[in-house]
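K.L.:
Chain A is already provided as a structure; the job is to place chain B on it using the hints.
Here the protein sequences come in this chain order: A and B.
First residue of the first sequence? That's 91 in our numbering, and the numbers climb one at a time after it.
First residue of the second sequence? That's 147 in our numbering, and the numbers climb one at a time after it.
The set of hints was computed from the structure by calculation and includes no laboratory data.
All C-beta atoms in this analysis are idealised placements derived from N, C-alpha and C, irrespective of residue type, glycine included.
Everything hinted at is true.
Listed next, the in silico EDC-like pairs over lysine to aspartate or glutamate satisfying Cα-Cα at most 20 Å (straight line):
1) A:Lys132 - B:Glu254
2) A:Lys132 - B:Asp184
3) A:Lys148 - A:Glu173
4) A:Lys132 - B:Glu147
Now the stretches of chain A that chain B is said to cover, found in silico as 3 or more residues with beta-carbon under 8 Å:
5) 118–131
6) 192–202
Listed here are the chains, written in short residue letters.
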Amino acid sequence: GENVEQHPSTLSVQEGDSAVIKCTYSDSASNYFPWYKQELGKRPQLIIDIRSNVGEKKDQRIAVTLNKTAKHFSLHITETQPEDSAVYFCAASTDNYGQNFVFGPGTRLSVLP
Amino acid sequence: EAQVTQNPRYLITVTGKKLTVTCSQNMNHEYMSWYRQDPGLGLRQIYYSMNVEVTDKGDVPEGYKVSRKEKRNFPLILESPSPNQTSLYFCASSLSPPGLATFLDSGELFFGEGSRLTVL
Chain A
91 GENVEQHPST LSVQEGDSAV IKCTYSDSAS NYFPWYKQEL GKRPQLIIDI
141 RSNVGEKKDQ RIAVTLNKTA KHFSLHITET QPEDSAVYFC AASTDNYGQN
191 FVFGPGTRLS VLP
Chain B
147 EAQVTQNPRY LITVTGKKLT VTCSQNMNHE YMSWYRQDPG LGLRQIYYSM
197 NVEVTDKGDV PEGYKVSRKE KRNFPLILES PSPNQTSLYF CASSLSPPGL
247 ATFLDSGELF FGEGSRLTVL
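Chain A on its own, in the form it takes in the complex (with noise of 0.2 Å):
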């Protein structure tokens, strides 16, 4: 089945600095990638996704890429502010009816003022 590897577990930016944060996933077959944002104590909730058939998307400061022959994505938010603080998963997902929909272990951005 699919394996979703995050990294870094934890990062650390200053505010109005960037923040990168990393995905990689097995199956070749995954052709949708979200991420998600869960404030502390709240539920986890769409920021950004991604299809196969793109190689990049953004929104507003927030913006995903997709390097499929690699097979990794990333998230990128720039000019970070403190409410960016929160734990960020990736997932990926095939088309395969509900199957292999699996999320990364997480990273806890902390944006310092």
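P.N.:
For chain B alone, coordinates are given in the frame of chain A:
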């Protein structure tokens, strides 16, 4: 308000005492799933359901059961809880399975608020 509701939010129980965590969504979503969240392990899928009466195992199904008798409800059943099932549980739903999203549906999972279970 569109939402996924879980109950109970917090529960302390003892080994072997059967319990059920309920999950209900009001968005007419076809797909529902259960996850457990443990430190350093992320969110691991327990069971998922494509539609009424259609359920399947995720990555960590041992010790759990589910049912989907109605579209809106997807209860998680622990027949004989053990301490290694102490965890934070999330129910989630989406209009279609995440990997099968279409132009009209992103495949976004909507999570409940979580149920923290402690088994002594």
